[in-house]
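Trainee: Listed below are the residues making up each chain.
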Amino acid sequence: MVWPNPFDSEKSELSLSRSQSLSRIEFKHTYHYVSPKTRLAAVVADSVLLIPLFALVTAPLKRQFQASILYDGAQPHIGWMLQAALLVIGVGIFIQTALIAYFGTTPGKFVLGLRVVSRLDTKKPTFMQAFLRSLFWWLSVILFGAPFFSVSRHPSRRCWYDRIADTDVVARQSKAHVASIDTSRPETREANQAAFVQMILMTAAVYTLGTVGSRWNAYDREQHQKAQERISAKGLASQCGFSQWAIADVVSYLIAIESDLSLLSDQSSRAREFSQRQITCLGKLIEWHIWSNDDGPLIHFAKGLKLQLEGADGSERYFGRVCEIEPDSSECRWISRSESWDSTGRGPTSIPSKLSAELGSAWKQFERDRLPLWLGYALASEYRKKILQAKPDRVAAQRLLQLTGDLSSGPHELAQWLQRLRIEAFRALGRIDDVNRELDALIRLSSKDDARRASAWVCGHTVQSRSCLLQTKACSIEALESAYSTLSQQAESDLALVGATRSVFCQFGDSDPRRVKRELTRLKDKAVSSDHIGYLNALMSSEPMGLETEKLSPLFRTEMQRWRRHSSQGEL
Amino acid sequence: MIFPLLGGFLWLHRIPVVWAMLILNISFFAWTYPTYQLAEQLSEELLSDDQFQEQTAKAFASLIRNQPATQLLLNRSKPWAPGLSRLAERTLEGEARATRLLAGFAIREPGLLNALLSYSTERIKPSERRLASVSDQSRLKIDAIELEPWVDQVTQLQNIQSIHPSYRFGLMSGHEEWTRWLTYQISHSGWIHLFWNMLFLTLFGGFIELARGRLAFLVILWGSGIAGAIAYSTVSGLTASPLVGASGAVSGLIASVIVFWNRKLPFMYWLLPLKGYYGVKMLPAWILIPAFIFPDLTGHFSSPGLSGVAYAAHLGGAFMGAVLTLFFRARPEFWTELNQSFTFQLARKWR
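For the record, the sequence lines run as chains H and V. The numbering used here numbers the first residue of the first sequence as 1 and each following residue consecutively. The numbering used here numbers the first residue of the second sequence as 1 and each following residue consecutively.
Hints may be right or wrong, so weigh each one.
Unchecked claim - Calculated cross-link-like contacts (lysine-lysine; reagent style DSS-like; alpha-carbon spacing at most 25 Å):
(1) K124(H) - K37(H)
(2) K275(V) - K264(V)
(3) K349(V) - K281(V)
(4) K281(V) - K264(V)
(5) K264(V) - K349(V)
(6) K281(V) - K37(H)
(7) K275(V) - K349(V)
(8) K37(H) - K275(V)
(9) K349(V) - K37(H)
Claimed, not checked - Simulated restraints, written as ranges between beta carbons of each label pair:
(10) G73(H) - L182(V): 40 to 46 Å
(11) H193(V) - G145(H): 49 to 55 Å
(12) N114(V) - S214(H): 49 to 55 Å
These aren't lab readings, by the way, just hints derived from the structure by calculation. By construction, the Cβ of each residue, glycine as well, lies at the ideal position given by its N, Cα and C atoms.
Turn these sequences into a full structure, and let the hints steer you where they fit.
Mentor: Given below as structure tokens:
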């Protein structure tokens, strides 16, 4: 009997080429090598069927890991990955070995009509062959799947695990998946070597790419984190040893408390005291913000000041930048105000000599007893902003009430301010009875004149929300009328005039624009300074109800400009 | 990627009961949808409020600190109960992530919000509120000032829940009337939830109605639904958030097909985006086990407590579906009918 030699003819359906002994074996079936596409499809089909199984096997591990993430706040780490990977690989090798040894195929291969055969006798592989094949198959997975690519390179579509286990993957009697077997590239030693080299190169390339990518990722994250730490208040706080919210609140302290206090009184001694506080507070801020990297006016101011304190040059550029960024900021006002302190007229450059002395003395006092108190004021101002919004924050109002109670041991001159804050808080909460009670307390707290001012203040303050205003006892029409008559008779101070004007609006604004104008004219006659006259002129030439700036008439704008010009020329 | 086609979508005269169930489910959802949308939007707004989350979590955490979670909770025998104590400690230390998680647990814990509510309003009189907040700090770790808005929010949440269809028709702790064991099966939480359940109901339900008859379909459907709820309430325990959806019943249908069908079924497959690697193919029915039963088992064994999917209900439904199938015999004429169906013809043609 003559056995066909598969290498004699190009039409041979068998292209096994290992040893001469093959020619003595009888072939019952005809096998074909299959294209790499089909091999890939088999892997995909296997994944579809086996991934649910792997997920089930690793479920207890996943539960354990998730529980420690959820309940103990643990961070995922490489050890968990390794545990899960080892479990999957172990189970994977076991299942694959069993399937190949007993059925000669896996579900995915079966669906696509592929079989794994022993190369020697084209029968089912032995257990050891199946085990070796599975072991190195999973090793290829560990090597990022790169070795799989060498299937396309190899003439008989064998990857390294096939060569180690001496197996072949073939299609049985299926014309559909026959690959064109490249007879010009028979499975020689050189071909095997080329496939092996390609495998090594692919693995190295994938590994290098992966390493570079992960390193880059880590570097990027590190840089990002550093930048975050540089910028964020939290980073600042950790460097400077101060709490995060204190920084934010002291900034608002500067801006908000000033307006509140200046409403209270314009007496020079109080103004001086307030300036003193600002200096102290600023000193603290300089220290806190000196590490900050943002572009706010405060940080430029702080940096300029620091340069001056150190006697270095270049502070002017920082000061100039402050007013460039925000001309209305309190820092810019600080810089312009400092000129008036300076007898030599050298401008902002002379700040440090003044400031450093004051800072030095104020600093100690500040550290000792004022810091908690002032932070409390800052916080109160912050809450006040929240309750003055269109939709008042109820929690902020409640906190403000508690805070004002705590702060009542502070300086006496702030008592009225705190009392007003309480009124505002109660109003935000809609507790009209409490508003009235606190108002009584405020009136008791004040002198006789102050009491009138207080009621006028409440009316004036609520001019934008008339419905609320009309519910409060102090702003009932009778109270308004008495307040108005007193104030319009006096009309000698800024506050009285503003209060009177507002009560005019409060009372007649909705119903009778002509009456408003008439009353304003009457007030104008009593006004004492050009500033007041300008103010009233401006109001009269505006639309009767429109106090909002976007609704102002051109006449109102020119009037306002005139008024501002007057004010700046020092006619106040 | 594989997807079961079975008998495909059959016409009304072939599977009238499946169509009736389909119409019942969809029309029920459509009827409740406007209320559902409104209530969902409102409760989402409320539950995503940081302050609300923080207060709820803090209150829950301080309760757990005084009384271990293993004694306090209704579902105290559950394996995740000890974990809650650790979560509570982290919440009281002010960790944001733990706070959010614990708030989620608190809202699902049956009766907890009510208990907190009565506790907070009884204990602290408005006149003594500041004082009470100090003395009670060790017990109920909630700021007296924040309490008032929080109480408002809880009341608001309860009002929303009283109109929310899932809470009205779903099965939850404290509301276990017999009607709910049926209505929970036809209420759904969203269009996507409804779509997938109805898709599988039509495919598998149609197949069963054709192969085993109308009565078999109805018995398996409702029986599996009830069994799913029983399994969920015994294994996972009912919570304050409702159990809704036909998933348990649909799992029963799937398990039923796996049990009685020992031949091949048409599946749609997609392996590679190349011609010849996608199409329709007859595959053995056991492939449905890794595709449908394994994920449920995996989900059940891997979830450490807070899960949005009731895997136990799926598994209970599947078990009951498999058992109930054994009581019904095949209809003699179904094989001819099935062979005429579009999907079987397609699978033959594709081959």
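Trainee: Holds or violated: K275(V) with K264(V), Cα cutoff 25 Å?
Mentor: Within the cut-off at roughly 23 Å; holds.
Trainee: Sort out whether K349(V) lies within 25 Å of K264(V), counting only the CA atoms.
Mentor: holds, 15 Å
Trainee: Decide if the proposed pair is consistent with the structure: K275(V) and K349(V), CA atoms, cutoff 25 Å inclusive.
Mentor: The given pair, whose Cα atoms are some 16 Å apart, holds under the 25 Å limit.
Trainee: Please check whether N114(V) and S214(H) have a Cβ separation lying inside 49 to 55 Å.
Mentor: holds, 51 Å
Trainee: Does K349(V) pair with K281(V) here, judged by a C-alpha cut-off of 25 Å?
Mentor: Between K349(V) and K281(V) the Cα gap is close to 10 Å, so the pair holds against 25 Å.
Trainee: Between H193(V) and G145(H), does the C-beta distance stay in 49 to 55 Å?
Mentor: Since H193(V) and G145(H) have Cβ atoms about 36 Å apart, the given range 49 to 55 Å is violated.
Trainee: Within 25 Å, alpha carbon to alpha carbon, are K281(V) and K264(V)?
Mentor: holds, 9 Å
Trainee: Assess, step by step, whether the Cα of K124(H) is no farther than 25 Å from the Cα of K37(H), and give holds or violated.
Mentor: holds, 23 Å
Trainee: Does K281(V) pair with K37(H) here, judged by a C-alpha cut-off of 25 Å?
Mentor: holds, 19 Å
Trainee: CB of G73(H) to CB of L182(V), is that within 40 to 46 Å?
Mentor: At 42 Å between Cβs, range holds.
Trainee: Are the Cα positions of K349(V) and K37(H) separated by 25 Å at most?
Mentor: Holds, at roughly 24 Å.
Trainee: Sort out whether K275(V) lies within 25 Å of K37(H), counting only the CA atoms.
Mentor: Status holds; Cα separation ~11 Å.
Violated hint: 11 only; the structure is consistent with all others.
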